[in-house]
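Colleague: So you can see what is in the structure, the chains are spelled out below.
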Amino acid sequence: MRFRFTGIFDLFNQKNEYYLINKKLDTIIQINESMYKVLSNAKQGTELNCNEINLNTMNILIYNRVLEAIN
Amino acid sequence: MKRDLNKPIVIHWCMNNCNKQGQIPKGVIEGKIRQAEPIKIRFINPRSQEDWRIIESFANESSDIKEIQVEYDFLEYDIKHCIDIDIEKKLIYLVAFSGTSYLDHDARNRLCNMIKKQDNFKIIVYISHKNIAESVCFIQSVYNEVKQGEFIIKPEKNIKNELTDISVLHEAISQIAELYKLFPDIKLSVYDEEKIVRDIIRLPYYMYGNMYITGDGNISMYSFMPAYNYGLSDPQVTLEEAWRKLYHEHATCDLEKILEYPRYWFKYFNRKEIK
Numbered sequence: 001m002r003f004r005f006t007g008i009f010d011l012f013n014q015k016n017e018y019y020l021i022n023k024k025l026d027t028i029i030q031i032n033e034s035m036y037k038v039l040s041n042a043k044q045g046t047e048l049n050c051n052e053i054n055l056n057t058m059n060i061l062i063y064n065r066v067l068e069a070i071n
Numbered sequence: 001m002k003r004d005l006n007k008p009i010v011i012h013w014c015m016n017n018c019n020k021q022g023q024i025p026k027g028v029i030e031g032k033i034r035q036a037e038p039i040k041i042r043f044i045n046p047r048s049q050e051d052w053r054i055i056e057s058f059a060n061e062s063s064d065i066k067e068i069q070v071e072y073d074f075l076e077y078d079i080k081h082c083i084d085i086d087i088e089k090k091l092i093y094l095v096a097f098s099g100t101s102y103l104d105h106d107a108r109n110r111l112c113n114m115i116k117k118q119d120n121f122k123i124i125v126y127i128s129h130k131n132i133a134e135s136v137c138f139i140q141s142v143y144n145e146v147k148q149g150e151f152i153i154k155p156e157k158n159i160k161n162e163l164t165d166i167s168v169l170h171e172a173i174s175q176i177a178e179l180y181k182l183f184p185d186i187k188l189s190v191y192d193e194e195k196i197v198r199d200i201i202r203l204p205y206y207m208y209g210n211m212y213i214t215g216d217g218n219i220s221m222y223s224f225m226p227a228y229n230y231g232l233s234d235p236q237v238t239l240e241e242a243w244r245k246l247y248h249e250h251a252t253c254d255l256e257k258i259l260e261y262p263r264y265w266f267k268y269f270n271r272k273e274i275k
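Order-wise, the sequence lines are chains A and B.
So in my numbering the end of the first sequence lands on 71, straight run, no missing numbers.
So in my numbering the end of the second sequence lands on 275, straight run, no missing numbers.
In case anyone wonders, no lab produced these hints; they're calculated from the structure.
One or more of the hints may lead you astray.
[What the hints assert, rightly or not] 16 Å max Cα-Cα, derived EDC-like pairs, lysine to aspartate or glutamate:
1) A:K23 to B:E193
2) A:K24 to B:E193
3) A:K37 to A:E52
4) B:K66 to A:E17
5) A:K24 to B:D192
6) B:K66 to A:D10
7) A:K15 to A:E33
8) B:K32 to B:D216
9) B:K26 to B:E50
10) A:K23 to B:D192
11) A:K24 to B:E71
12) B:K257 to B:D199
13) B:K117 to B:E76
14) A:K23 to A:D10
15) B:K7 to A:E17
[Said to hold, decoys possible] Derived coverage of chain A by chain B (criterion: at least 3 residues anywhere in the stretch with Cβ under 8 Å from a Cβ of chain B; other residues may be distant):
16) 12 to 21
17) 24 to 35
Glycine residues also receive a C-beta, built at the ideal position from the N, C-alpha and C atoms.
Working from the sequences, and respecting the hints, build out all of it.
Modeller: As structure tokens, this is what we get:
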């Protein structure tokens, strides 16, 4: 299964602190650098490798519509 | 994922204040926001030339602020008279209407032109039980002409709004749903920040990085929560300090209180002065 970034959230990097912000609601999640890199790639359209994120985190990202499945 | 932040990341600043005597010097707040280096700022209800100058100066500087939004009453201002055209492009506009706002021919053209010109143009329509049909009509007629823009419907909370009644709310939602049937591609969302925040309070990823500054310099985490005076008029008090005190003394407690109210009208039920 392939996944893509939904665009509901945006990624921000400010002085090596990384954030995921819901664009409409401005709710904020601080994330670590590796998560930021994975999601940045997804945002740019690179296909997401499921091995890069553990299953629980993946579930949270899908449940909150940070990521969505293609097909 | 970290749960705690050490400063506000998203700052909303409501720039107008009906009570002139309680007005805090704008330059003081401006300096504190600059010092706090947020990621996003939303300027709400700019009313004076000074307000627009402040917005312009934030848009002009090359700082770490990634996004600057301006939410203003469309009928109050023609943006061209307030802000330089080059600055205009850097800002994300959210123009606010109530469904009963009357648009004459010129204002309507101006709105449609702005929607066509700006990629990130958003139209907020505040609804109450009094203007459901007019609001739907307004969105339908504007979208029918421009076929772009993003429409956001929010509940009006400054009046006694009968949308707290579930049957009225359902009637509103079913009328709004007609827009999706008419225009399957329309970017239209209906939401209430208060409801969303209430829904995510219990979730482990929820963060407290928001700050809302009122026109008289009080602060809260969100517009719908009670605001407190932490002495922002004092030049020595930084936004981070005030925000940390707010976070420790009120945030969790106030958010918990929201859970006690089933219909997400926290301020309305708690503040008698709201008519």
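Colleague: Decide, hint by hint, whether the structure agrees.
Modeller: Right, here's what the structure says about each hint:
1. A threshold of 16 Å between alpha carbons decides the hint, and for A:K23 with B:E193 the separation of about 12 Å falls inside it, so the pair holds.
2. The hinted pair formed by A:K24 and B:E193 meets the criterion: a straight-line CA distance of about 9 Å does not exceed 16 Å.
3. Pair hint A:K37 plus A:E52 holds up; C-alpha atoms about 10 Å apart against a cutoff of 16 Å.
4. Taking the CA atoms of B:K66 and A:E17, the gap is near 13 Å; set against the 16 Å cutoff, the hint holds.
5. Between A:K24 and B:D192 the CA atoms are separated by roughly 10 Å; this keeps the pair inside 16 Å, and the hint holds.
6. Only pairs whose Cα atoms come within 16 Å are accepted, and B:K66 paired with A:D10 is accepted, the gap being roughly 11 Å.
7. For the suggested pair A:K15 and A:E33, the alpha carbons sit about 11 Å apart, so the restraint of at most 16 Å is met.
8. Distance check on the hinted pair: B:K32 and B:D216 sit about 15 Å apart at the alpha-carbon level, within 16 Å; holds.
9. Distance restraint check for B:K26 and B:E50: the Cα-Cα separation of roughly 8 Å lies within the 16 Å cut-off, and the hinted pair is therefore satisfied.
10. Between A:K23 and B:D192 the alpha-carbon distance is near 14 Å, which keeps this suggested pair within the 16 Å criterion.
11. Taken as a hint, the A:K24 and B:E71 pair is honoured in the structure, with Cα atoms around 13 Å apart against an allowance of 16 Å.
12. Distance hint between B:K257 and B:D199 is fulfilled; the C-alpha atoms sit about 13 Å from each other, no more than 16 Å.
13. Of the supplied pair hints, the one linking B:K117 and B:E76 is violated, its CA atoms being roughly 20 Å apart against a limit of 16 Å.
14. Of the pairs offered as hints, the one joining A:K23 and A:D10 holds, with about 6 Å between alpha carbons and a cut-off of 16 Å not exceeded.
15. This hinted pair checks out: B:K7 and A:E17 have alpha carbons roughly 12 Å apart, not beyond 16 Å.
16. Proximity of the segment 12 to 21 of chain A to chain B, defined as three or more residues with a beta carbon under 8 Å from a beta carbon of that chain, is established by the 5 residues found.
17. Counting residues of the segment 24 to 35 of chain A whose CB lies closer than 8 Å to any CB of chain B gives 10, so the stated coverage by that chain holds, three being the minimum.
Hint compliance for this structure: hint 13 is the single one not met.
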